[in-house]
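Trainee: Make a model of the complete structure from these sequences and hints.
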Amino acid sequence: MHPAFSVLFLTTLIGAGQGLFLALYTGQVYALAQLLPAPGADFYVGGSVLALALLVLGLVASFFHLGRPERAWRTATKWRTSWLSREVIVLPAAMALVALYGLAHALGLTAPWFTLAGVLPVDATLVLGLLATLAVYALYVCTAMIYASVRFLPEWHSPLTVANFILLGMASGFMLAAAYAAGRGAPLVSFYGLWAVIFTLLGLVTRGASLWRLKRITPKSSLRTAIGVRHQALVQIAQGATAGSFNTREFFHGRSPKTLRRVRGLFLLLVFPLPVVLIAVGHGLESPLAPWLAFGVQYLGLLAERWAFFAEARHPQNLYYQGVA
Amino acid sequence: MTQLALVIDLNVCVGCHACVTSCKQWNTSGWAGPLADHNPYGAGPTGTFFNRVQTFEIGRFPDTETLHFPKSCLHCEEPPCVPVCPTGASYKRPDNGVVLVDYDKCIGCKYCSWSCPYGAREYDERQRVMKKCTLCLDRILDQSLPERERQPACVLACPTSARLFGDVHDPHSAVSIAIRERGGYALMPEWGTQPANHYLPRRKTRLHIDPDQLQRVDNPLRREDLTRYTGEEAVDDVAW
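Heads up: the sequence lines are chains A and B, in that order.
At position 145 of the first sequence (counting the first as 1) the number is 144 in numbering that gives the first Met the number 0, and the numbers step up by one without a gap.
At position 174 of the second sequence (counting the first as 1) the number is 173 in numbering that gives the first Met the number 0, and the numbers step up by one without a gap.
Hints in this document: simulated from the structure, not taken from any laboratory.
Warning: the hint list may mix true and false statements.
To be verified - Coverage of chain B stretches by chain A, computed from C-beta distances (three or more under 8 Å per stretch; other residues unrestricted):
hint	stretch
1	37 to 46
2	83 to 93
3	97 to 109
4	145 to 156
5	187 to 197
Stated by the list, open to error - Derived DEER-like restraints, expressed as beta-carbon distance ranges:
hint	chain 1	residue 1	chain 2	residue 2	range
6	A	Q321	B	H207	34 to 42 Å
7	B	L140	A	L201	24 to 32 Å
8	A	A232	B	H207	24 to 32 Å
9	A	Q321	B	D169	30 to 38 Å
10	A	L201	B	P188	34 to 42 Å
11	B	A42	A	L299	30 to 38 Å
12	B	P188	A	W211	24 to 32 Å
13	B	R92	A	F113	53 to 61 Å
14	A	H230	B	L206	20 to 28 Å
15	B	Q214	A	S221	43 to 51 Å
16	A	P272	B	P61	35 to 43 Å
Virtual Cβ for every residue (Gly too), placed ideally from N, Cα, C.
Mentor: Below is the structure:
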């Protein structure tokens with residue numbers, strides 16, 4: 000498949016934004032349980048703004064993928080059958096809830112509404128945060144299922160796709176949270192850094208598994224079933240277009256297999272070991288710069304990871320375009 | 000229920016591309032158009048087509064055979080491109096089974112093209128929507144045309160009658176009979192999309208002449224008996 004940069008930016012930016020929100024809310028819950036020192040309201044407000052900005056940037060990027068973005072509102076209509084439609088509904092809902100969560104912190108709506116089981120004071124931020132958490136997870140699933148539900152692409156048609164989107168998104172979000180906390184001098188850097196490393200390593204397991212699975216995929220279709228001729232020696236003479244068509248542009252990455260291998264090697268380096276080392280170094284040196292560097296390196300790596308994700312998917316329609324394949 | 004479809008006879012297709020050009024001409028100037036071209040008279044012309052003819056070579060020299068393979072939307076009975084459309088622009092007509100795109104609803108997200116294993120959908124760079132074969136519905140349903148012309152442009156243009164058009168759900172239609180009696184097959188049946196369009200395979204016509212056909216054993220006309228008899232008892236002598 001052709002990796003479109005609009006989609007690469009959409010999935011990586013909203014993944015990081017969602018992860019950042021989850022980090023903020025996790026921090027709040029831990030602080031509530033008095034496992035962590037509570038940062039001020041400013042921390043949550045700034046973090047929510049940052050998460051929202053990433054979600055908005057992702058949404059803006061997605062519009063570049065559409066031929067007719069002015070009709071995007073129509074996409075909310077077929078949620079019963081289309082994962083793309085579901086994502087279009089859940090994305091604004093998640094954005095609104097993250098915004099409300101930040102707003103509740105900004106307005107100081109932390110007076111408890113009631114106390115659960117006598118120990119847990121429930122206030123507006125806690126409830127809004129819980130709703131936003133559900134929306135954020137639903138968004139991860141919707142985004143990943145857009146790809147995982149395409150049964151014609153066995154490379155994507157796997158639960159591992161969903162696991163990768165969730166874990167890699169959370170890893171980069173928690174990296175960003177560690178960087179953000181370090182930048183503000185909040186005492187949560189190690190907490191977020193540790194979870195960022197955990198999610199990164201879990202992501203390595205699932206992404207590694209999907210790469211392993213990739214090598215074992217045998218295509219369901221062949222040129223013989225594509226044109227219905229039972230012969231071992233079939234050669235395509237003409238593809239039906241002088242200088243290519245939509246079919247030769249949309250479904251091929253247009254790079255050599257060597258480039259694909261290099262990009263794969265690059266993302267395996269940038270997404271997994273380097274950020275982990277940088278977080279560890281930052282922890283040792285108490286450097287506020289290292290977590291930012293870790294997030295930046297991992298984000299670039301995730302762009303490469305998404306590029307490879309698209310490039311390694313081989314569509315059965317490519318059988319009709321042997322000259323390009 | 001009616002399911003309109005094409006049946007393409009690969010045995011007689013000569014790869015002349017008349018179906019391609021007539022399709023483009025009819026559809027670019029009508030309801031489904033324009034089918035935009037980019038750089039049409041330059042070095043690298045490319046554009047939107049509903050129908051294309053590809054060519055394959057079967058076998059190795061000298062035992063080779065050329066196959067011309069016209070390729071368009073197959074109007075699947077279980078179209079995988081329809082449920083994935085987020086706007087409902089992609090739909091299958093309930094009255095005649097033709098799969099269509101509503102250009103006024105399509106947002107050009109290309110997701111339907113990912114869900115078509117045949118690559119039958121093309122994105123139009125000028126109108127910025129997804130386009131595909133309409134089976135020339137604007138001809139088929141046009142009551143003002145003479146009945147003979149209420150057929151897809153490609154079918155009318157084919158000089159060898161390699162393209163048959165009709166209702167594949169009617170067991171007595173010409174297309175159903177052709178599929179049934181001439182080994183009509185569907186493309187990539189492994190995906191369960193149940194394409195309505197079918198293809199008729201290439202056939203070899205071989206003339207086999209048995210020696211018996213040249214010389215009859217029980218021929219009563221002795222003159223045709225070319226055997227030289229030299230006095231031995233013949234079959235006819237024994238018989239009576």
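Trainee: Each hint: holds or not?
Mentor: Evaluated hints:
no., hint, in the structure
1, 37 to 46, "holds (count 6)"
2, 83 to 93, "holds (count 6)"
3, 97 to 109, "holds (count 6)"
4, 145 to 156, "violated (count 0)"
5, 187 to 197, "holds (count 4)"
6, Q321/A - H207/B: 34 to 42 Å, "holds, 36 Å"
7, L140/B - L201/A: 24 to 32 Å, "violated, 57 Å"
8, A232/A - H207/B: 24 to 32 Å, "holds, 26 Å"
9, Q321/A - D169/B: 30 to 38 Å, "holds, 37 Å"
10, L201/A - P188/B: 34 to 42 Å, "holds, 40 Å"
11, A42/B - L299/A: 30 to 38 Å, "holds, 37 Å"
12, P188/B - W211/A: 24 to 32 Å, "holds, 30 Å"
13, R92/B - F113/A: 53 to 61 Å, "holds, 56 Å"
14, H230/A - L206/B: 20 to 28 Å, "holds, 23 Å"
15, Q214/B - S221/A: 43 to 51 Å, "holds, 49 Å"
16, P272/A - P61/B: 35 to 43 Å, "violated, 57 Å"
Hint check: violations occur at hints 4, 7, 16; the rest are consistent with the structure.
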